[in-house]
Amino acid sequence: MADDKQTSGESTTKSKGFWAKLKRGLGMTHTEVIERIQASVQGRDVIDEETLEDLEETLLAADLGVATTMELVDGIRDQVRSGQARDVVRLRELLQDQAAILLLDAPRPRPVPAPRVTLVIGVNGVGKTTTIAKLAHRARDVGERVLLAAGDTFRAAAIEQLVVWGERLGVEVIRSKAGGDPAAVVFDAMQAAKARRADHVIVDTAGRLHTKSHLMDELAKIGRVIEREASEFSVQTLLVVDATNGQNAIQQAKEFTRIVPVDGLVLTKLDGTAKGGVVLAIARELRLPVLHLGVGEGSGDLVDFHARDFARALFGEP
Amino acid sequence: MFDGLQGKLEGVFSRLRGQGKVSEDDLRRAMREIRLALLDADVNVQVVRDFVASVQQKALGEEVLRSLTPDQQVLKIVRDELNQLLGEPGQELQLKGRPAVVMLCGLQGSGKTTTIGKLAKRLRDKQHKNPVLVAGDLQRAAAIEQLRQVGAAIDVPVITPREGEDVVAFAPRALREAREGGRDVVLFDTAGRLHVDDSLMDELRSLVQVVSPQELLFVCDAMTGQDAVRSAAHFAGALPVSGVILTKLDGDSRGGAALSIRAVAEVPIRFVGVGEKVEDLELFQPERTTSRILGMGDMLSLIEKAEQAIDKDQAERMAQRIARRQFTLEDLRDQLRQIRKMGPLGQLMEMLPKTGPFKGLAGAGAQVDETRLVAIEALINSMTPREREKPGLLNASRKRRIAAGSGRTVQELNQLLKQYKQMQKMMKRMKGGFLRGALG
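Each protein sequence line maps, in turn, to chains Y and H.
If you use this note's numbering, the first sequence corresponds to residues 16 to 333, in order.
If you use this note's numbering, the second sequence corresponds to residues 704 to 1143, in order.
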């Protein structure tokens, strides 16, 4: 790491491993879900119908959604009925297994060789710009030459927000005037990327509710610009989802994937009071790989997603 | 997908229709459907439990068991209960004092800054106030700049902190400046946080003490899941929150958060944000939210939109033309434009009830291809006025010219002409009064 400017946005927990960050990130969820499970097994020996009903409530309260909750609980009920697992101490382990299976069922992320372009999309207010700062920070740390493209020309001061991050990280931001054409910004960014021999261009896009039109046109145009101007770059599209969103997050992901091929998800705000259970619901419904988790406000607070670890962090150690 | 509670309840009771007797077991299944519907709408688990218990009690009391239309009965109970729980319709802001102080608080990304712009515009245009915005979010990168741009867009001034000035020192200065500048309402933006943490609450508390707002509004993203209750309760518990503004209701979120917040935090919902534009802020209406939560469509909003978008004189003219069988391609284009003015088609379809005559339509709504409307318009635009009057003129060479001019294909043009012919046939069978009645 060349520079260690102590600006407020830089992470203070850089050296801590995945596990520590994730635990910290999932802190609230962690304790609450685990405490509720704990309470429901208290004073019981075997997993009975009442235990399962309690579990159902707990999972629903963690934003897993009705369908996913039913699937997990039914899975455990089957195992209990078939006599494979009746002891109440095994409840958490069963739950973790079920959750991990569900998460591992998503396809593996497609390899995106350098030089690459990452398009970051999502609805308003999910934390796209902060996520881009985090992705840039990480890319820079592994020695990539990074360039940011301020493609959100719609929201007031979105460009300035990205520029502030660029300054903090020492990463160049290609920008135009507010209200400009995002594809033109990407065009400029790709020219700059070729001139500077950049390895990684990260493109911010305007947030919008997935029910609005024109997103497809805009993204298609950006895609054409990249194809025409810099066909040697491989392109991936990441969808950013707010972990505090409820079941509507599934709807968002569905709509976006209908419009544009999404390569993976980044889940943000896991350090809030978020439950994060909606990740399981999305994984189940959409079979999309979760790539990263945002676990803090600093640019270093991004961790890779591991299904088993996530299940463990969500439901606690057995 | 989810078909709306109405459909599910119809399903539960359908085989009993006409037999006039509903068993306890049927009722139990109906309650289960209600429970799942509410959970799917992101209503808080606890709130759902209480709600279902109370509906069940009412259902037993109102002799649903012997009713001929148990589904309607149960649905009515659910609706009434929801309306009651959601409380009063939203009230306009109470503005006393000079200047009156309105403060917004909420979590990150909930839409505080956008909402403040909408409120300012509303105050100025509807209540003839002279508002000023105050940039109290010193945390997020470029938040002050964002407010400055929001202010510039609606032509309302923004007071910003000086370099290094902390928010508690800045606040009284901002008030003073507002008063001296002859402003009668001060809208105060504050920093959002990810968690409800103590330092945020302390900062907000001291701000509240310094500026003593008449209205302290909690801004909440309508898409929030089970956690909505926790943050709302925290804010309302620690601060004198006078109302909630629910944002991003223009998405397809069912907005169950509204119910949870109302039930747990016991703070009235005042406004809802329904779009990206600065006009898109409405007073909260419980019946609409009820319909939304239940997936019953939002006919009221749809009718309102239609009223806004459709020019009555034009509709009248159109009806007369149809009566005289003069519906040309030009008229078709005008109609399409009016429809598109109402907003994205998919969104309109979402507002339709998901049962009854519109069954199946809403699901298709998501797939409505707006690009087709654009294509039709482009094709008609590329015709000469004479061709629009008399499509019979269109020979192969003219068709090729139109296709090239509009960037579409001749096949698409032929398809359009075929559809237009069918429409004409239909209209011949129709009396002119029909459209006039429907639109006028």
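If you are wondering where the hints come from, they were derived from the structure by calculation, not from laboratory data.
One thing to keep in mind: the hints can contain errors.
[To be verified] Pulled a few chain Y residues facing chain H out of the computed Cβ check, cut under 10 angstroms:
#1 I174
#2 V178
#3 P276
[As the list claims (entries may be wrong)] To list a few chain H residues with every Cβ distance to chain Y over 10 angstroms, as calculated:
#4 R752
#5 K832
#6 A846
#7 R851
#8 R865
#9 G867
#10 E868
#11 D924
#12 M926
#13 L942
#14 R957
#15 E979
#16 L984
#17 E985
Each residue gets a CB set at the ideal place from its N, CA and C atoms; glycine is no exception.
Hint-by-hint comparison with the structure:
Nearest Cβ of chain H to the Cβ of I174/Y: about 8 angstroms, under the 10 angstroms cut. The hint holds. The interface hint given for V178/Y is met, as the beta carbon of that residue sits about 8 angstroms from the closest beta carbon of chain H, less than 10 angstroms. Residue-level restraint check for P276/Y is violated (minimum Cβ-Cβ distance to chain H is 18 angstroms; threshold 10 angstroms). Separation of R752/H from chain Y is inadequate, the least Cβ-Cβ distance of about 8 angstroms not exceeding the 10 angstroms criterion.
The Cβ of K832/H sits about 22 angstroms from the closest Cβ of chain Y, beyond the 10 angstroms cut-off, so the non-interface label holds. A846/H, annotated as away from the interface, has a beta carbon of chain Y within 10 angstroms; the closest lies near 7 angstroms. R851/H, annotated as away from the interface, has a beta carbon of chain Y within 10 angstroms; the closest lies near 7 angstroms. In this structure R865/H is separated from chain Y by more than 10 angstroms, as the shortest Cβ-Cβ distance comes to about 18 angstroms.
A cut-off of 10 angstroms between C-beta atoms confirms that G867/H is not in contact with chain Y; the least separation is 14 angstroms. Listed as a non-interface residue, E868/H keeps its Cβ farther than 10 angstroms from every Cβ of chain Y; the least gap is roughly 16 angstroms. Residue-level check failed: D924/H sits 6 angstroms from the nearest beta carbon of chain Y, not beyond 10 angstroms. Against the 10 angstroms criterion, M926/H falls within the reach of chain Y, whose nearest CB is about 4 angstroms from its own CB.
Distance check for L942/H against chain Y: the nearest CB is about 17 angstroms away, which clears 10 angstroms, and the non-interface claim stands. Not every CB of chain Y is more than 10 angstroms from the CB of R957/H (nearest about 7 angstroms), against its label as outside the interface. Under the 10 angstroms C-beta cut-off, the non-interface status given to E979/H relative to chain Y is violated; the minimum distance is some 7 angstroms. Taking the minimum C-beta to C-beta distance to chain Y, about 15 angstroms, the non-interface status of L984/H holds against the 10 angstroms cut.
Look at E985/H: its CB is around 16 angstroms from the nearest CB on chain Y, clear of 10 angstroms, so calling it non-interface holds up.
The structure fails hints 3, 4, 6, 7, 11, 12, 14, 15 (numbered hints given earlier, in ascending order).
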